[in-house]
Every structure is written in C-alpha cells, then in structure tokens.
Amino acid sequence: MTIFEAIRHDHDIQRELLDKLVQSSGDTKNRDELFKAVRKELEVHANAEERHFYKPLISTDMMQEHSRHGIAEHHEIDELIEELEDTEYDSSAWLKIAKKLKHKVEHHLEDEEHTFFQLAGKTLSEKQKTELASDYETYMKKNR
Numbered sequence: 001m002t003i004f005e006a007i008r009h010d011h012d013i014q015r016e017l018l019d020k021l022v023q024s025s026g027d028t029k030n031r032d033e034l035f036k037a038v039r040k041e042l043e044v045h046a047n048a049e050e051r052h053f054y055k056p057l058i059s060t061d062m063m064q065e066h067s068r069h070g071i072a073e074h075h076e077i078d079e080l081i082e083e084l085e086d087t088e089y090d091s092s093a094w095l096k097i098a099k100k101l102k103h104k105v106e107h108h109l110e111d112e113e114h115t116f117f118q119l120a121g122k123t124l125s126e127k128q129k130t131e132l133a134s135d136y137e138t139y140m141k142k143n144r
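For the sequence shown, the UniProt record's numbering gives the first residue as 1, with consecutive numbering after it.
It is worth saying that the hints were derived from the structure and are not from the lab.
Note that the coordinates shown come from a computational prediction; the quantities given were computed from them, not determined experimentally.
Cβ atoms here follow ideal geometry from the backbone N, Cα and C, with glycine treated the same way.
Heads up, some of the hints might be wrong.
Straight-line distance between alpha carbons at most 30 Å, and here's what the computed DSBU-like set of lysine-lysine pairs gives [as the list claims (entries may be wrong)]:
hint	residue 1	residue 2
1	36	127
2	100	36
3	20	104
4	129	141
5	29	104
6	36	122
7	40	104
8	100	29
9	129	55
10	142	40
11	36	102
12	102	142
13	36	55
14	20	36
15	40	100
Across the chosen pairs, the derived CB separations fall in these ranges [stated by the list, open to error]:
hint	residue 1	residue 2	range
16	76	13	17 to 25 Å
17	90	1	39 to 47 Å
18	86	123	34 to 42 Å
19	106	138	23 to 31 Å
20	119	93	36 to 44 Å
Please construct the entire structure, taking both the sequences and the accompanying hints into account.
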C-alpha cells in the first residue's frame, strides 16, 4: 500500500462520517456520538498526515507551498470543530457550522486527492510511498 491509498481510505471514512453528521438532528445521543467520531477521526488523521506526509514533502521546493496550504486548512477545520464544541447540539447554528465543516473538509480532501497527490507522486520514490504508508497506518492504529 502507498501513502496515497492509506490516506484515501481515511478520506472515505471522513466523508461517510460527515454525511451522517449533517443528517443527524437535535440534542441526541446519535449526534453526540457522530460528532465525537468525526472530531477524533479528523484530529488523528491531520496529525498523522502532517507527520507522515506533509513533513517529508515540505522541504522540497515543488511541495512546500502545497504542504503549508494543507496544514493551514487543517487549522481551519480545527477552528470549525471548536465552534461546534461551543454550540448547543439543538441550536440551528450547529447544523450550519456542521455543514460548513463538511464543505471545508470535502474541499480539502479534493485538493489533496486531485492536486497534492499527483505532485507528491512525482517527488516521492516508490520506497518512500510505501514506507510513509506504513508509518502513517501505524500512527493511525495507535491513536484512533
């Protein structure tokens, strides 16, 4: 498995969780469980991605700006998560913020999968792609 396949697998998990989250309603156990799952998944994924994907790429000229952009988007996603934490589940604002989070995450995932991966694929060797995947997956398993 390559780093791209490992990350794409987790992106699919994020998309599924976010779809379910924005379909949840009110101050319910379901919404609470989904939100906690989304928050944990996004947090662990961002940390793993920054350590085992962006960090090895940020030192290359072609990838530096893209890596910084990806990290900045992770911070924007963190801020939306914080907004959700500070908003009551049954507030109409909660669902608006959740939809904004879903949109932001999906935009980020599309950027990575359609631009970042192609450029990174030209930068990393085949050995690096599999080693990074192994390190990434080990981190994810340990921290999920």
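Hints, one by one, checked against the model:
1. Of the pairs offered as hints, the one joining residue 36 and residue 127 is violated, with about 35 Å between alpha carbons and a cut-off of 30 Å exceeded.
2. For a cut-off of 30 Å, the pair hint linking residue 100 to residue 36 stands: about 17 Å separates their Cα positions.
3. Restraint check for residue 20 and residue 104: satisfied, since their Cα atoms lie roughly 16 Å apart, inside the 30 Å limit.
4. For a cut-off of 30 Å, the pair hint linking residue 129 to residue 141 stands: about 18 Å separates their Cα positions.
5. Proximity of residue 29 to residue 104 is assessed by CA-CA distance (about 25 Å); at most 30 Å being required, the pair is judged to hold.
6. Annotation: proposed proximity of residue 36 to residue 122 is violated, straight-line Cα distance about 36 Å (limit 30 Å).
7. Proposed proximity of residue 40 and residue 104 is supported: the alpha carbons are some 17 Å apart, at most 30 Å.
8. For the proposed pair residue 100 and residue 29, the alpha carbon gap of about 22 Å is at most 30 Å, so the pair holds.
9. Of the pairs offered as hints, the one joining residue 129 and residue 55 holds, with about 13 Å between alpha carbons and a cut-off of 30 Å not exceeded.
10. Taking the CA atoms of residue 142 and residue 40, the gap is about 13 Å. The hint holds against a cut of 30 Å.
11. For the given pair, residue 36 sits about 14 Å from residue 102 by alpha-carbon distance, which is consistent with the 30 Å threshold.
12. Among the hinted pairs, residue 102 with residue 142 is consistent with the structure: their alpha-carbon atoms are about 25 Å apart, no more than 30 Å.
13. For the proposed pair residue 36 and residue 55, the alpha carbon gap of about 27 Å is at most 30 Å, so the pair holds.
14. The straight-line distance between the Cα atoms of residue 20 and residue 36 is roughly 12 Å, inside the 30 Å bound, and the hint therefore holds.
15. A distance of roughly 18 Å separates the Cα atoms of residue 40 and residue 100; the hinted pair therefore holds under the 30 Å criterion.
16. In this structure the supplied range 17 to 25 Å holds for residue 76 paired with residue 13, their Cβ-Cβ distance being about 20 Å.
17. As the Cβ distance of residue 90 to residue 1 is approximately 42 Å, the hint placing it in 39 to 47 Å holds.
18. Take residue 86 and residue 123: their Cβ atoms lie about 39 Å apart, and the range 34 to 42 Å holds.
19. The hint said 23 to 31 Å for the Cβ distance between residue 106 and residue 138, and at roughly 27 Å that hint holds.
20. In this structure the hint that residue 119 and residue 93 lie 36 to 44 Å apart at CB holds, the actual value being about 37 Å.
In terms of the numbered hints stated before, the structure departs from hints 1 and 6, listed from lowest to highest.
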